[in-house]
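A.B. asks: Those protein sequences? They're chains A and B, same order as listed.
Take any residue in the first sequence, note its place counting from 1, add 1138, and you have its number in our numbering.
Take any residue in the second sequence, note its place counting from 1, add 3, and you have its number in our numbering.
What the simulated footprint calls covered on chain A by chain B, stretch by stretch (three residues with Cβ under 8 Å from a Cβ of chain B suffice, anywhere in the stretch; the number is not a length):
1. 1278-1289
2. 1299-1307
Chain A side only, calculated, beta carbon under 8 Å to chain B, not exhaustive:
3. I1293
4. L1384
5. E1385
No lab work stands behind these hints: they were computed from the structure.
Cβ coordinates follow ideal geometry from the N, Cα and C atoms, glycine included.
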Amino acid sequence: MERRRTIRAWAVLFWLLLWQLGAMAIGQQIILVSPVRVLLRLTELAVTLDFWGAVGYSLVRITAGFLLGVTVGTLLAALSARFRRVEELIAPALLAIKSIPVASFIILALILFSSRNLAVLISFLIVLPVLYTNILGGIRAADRQLLEMARVFRIPAARRIRYVYLPQVIPYFRSACGSALGLCWKSGIAAEVIGMPDGSIGEQLQQAKIYLNTPDLFAWTLVIVVVSLAFEKAFLALLKWGERALERM
Amino acid sequence: MKDIVIEGLWKSFGEKTVLHDFSAVLPAGTTTGLMAPSGAGKTTLLRILMGLESSDRGTILGLEGLRLSAVFQEDRLCENLNPVSNLRLVTPSLSRKEAEEALRAVGLTDCLKQPARELSGGMRRRVAILRALLADYDLLLLDEPFKGLDQETKETVMADTRRRCAGRTVLFVTHDQTELEAMGAVSRLTL
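Use the sequences and the hints to build the structure in full.
C.D. replies: This is how it looks when you write it as structure tokens:
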């Protein structure tokens, strides 16, 4: 069954029009810039090398943090599912990561390290517990009857993981990645705004704040939304392709 | 090939004793039929033989090192794999062509590329039966394997199963006397 699209062009147009009318009614760009002005500013920015440099800088670091979180979260979940002691050992650390405010981590990281790779660390810390919890849940929810079948037929561990566990864990993995992708972009950019690493999107946002440059603020925000959505779509499409590959033997 | 000797097997779940000093011999190279009413412990006995449950008391001799194969009461197929892949998951040495021929022999012709989740109950059952029959095994355990098949399909599948099981050690659990006869069970047990 095809999923019904909830984002409709007419609804987007409605909100854009409302925004435009609101900006025209207020008449002060510094308070509420119009969407037309934002688009114009974006086209000005898009032809500069610094713009693409900032996009690349943040994209690479947030992606690195995300992938690191996915990898470590998955490995820890697999180890926790296999060895109860591992689960017990990392439970307090994960609780701490989940409970401590992101801002505290950002400031602590700035005290201990430079701001250059701050977004990597913060994205990683945000993604790790989401992936860990979901994947561990997925492994634990694996069909016991299918596992018994694999045991009776003595299916080797590698094939068991590939054909019995993976298809059952993938929906949990997909759901976790969907949640984590949005969160890692929000937290990664927030870290950059506070840490202001040179040449990052976060630095551009901070500059816009200092100079009360609302068109820049909106233009960069739009860039973040577009890049994070494009990244999310691309990653989930890759995952879908991987799922289809799992059905082939 | 050695006979499998079950001696004084007991198994309880809480207050309920399902196996009560059960003893039997499964002669090597033959099909042994096992009939009993529901809840008499047939599946528990099979689970003990499969190593999925342990008995409270009693011994089973001749099972050490044997390769097992089984048709469970449930199909237990990998839902995202097609019938050919489900067979080859358990028996990697089976070529795609061999798997397809075996599936066609039991009437599975136009669903070879469909994932198991899209197959009907009868189709799934036939795949589960073939998976067990084509595996490399020394002891085959069949837990009401033909349940849910229509009469015509059941006859085809039973004939195929009997042919493939000839000369092998098989324990066949059923409620149906005619199935037992169709499978040519040499010895018969009750619980």
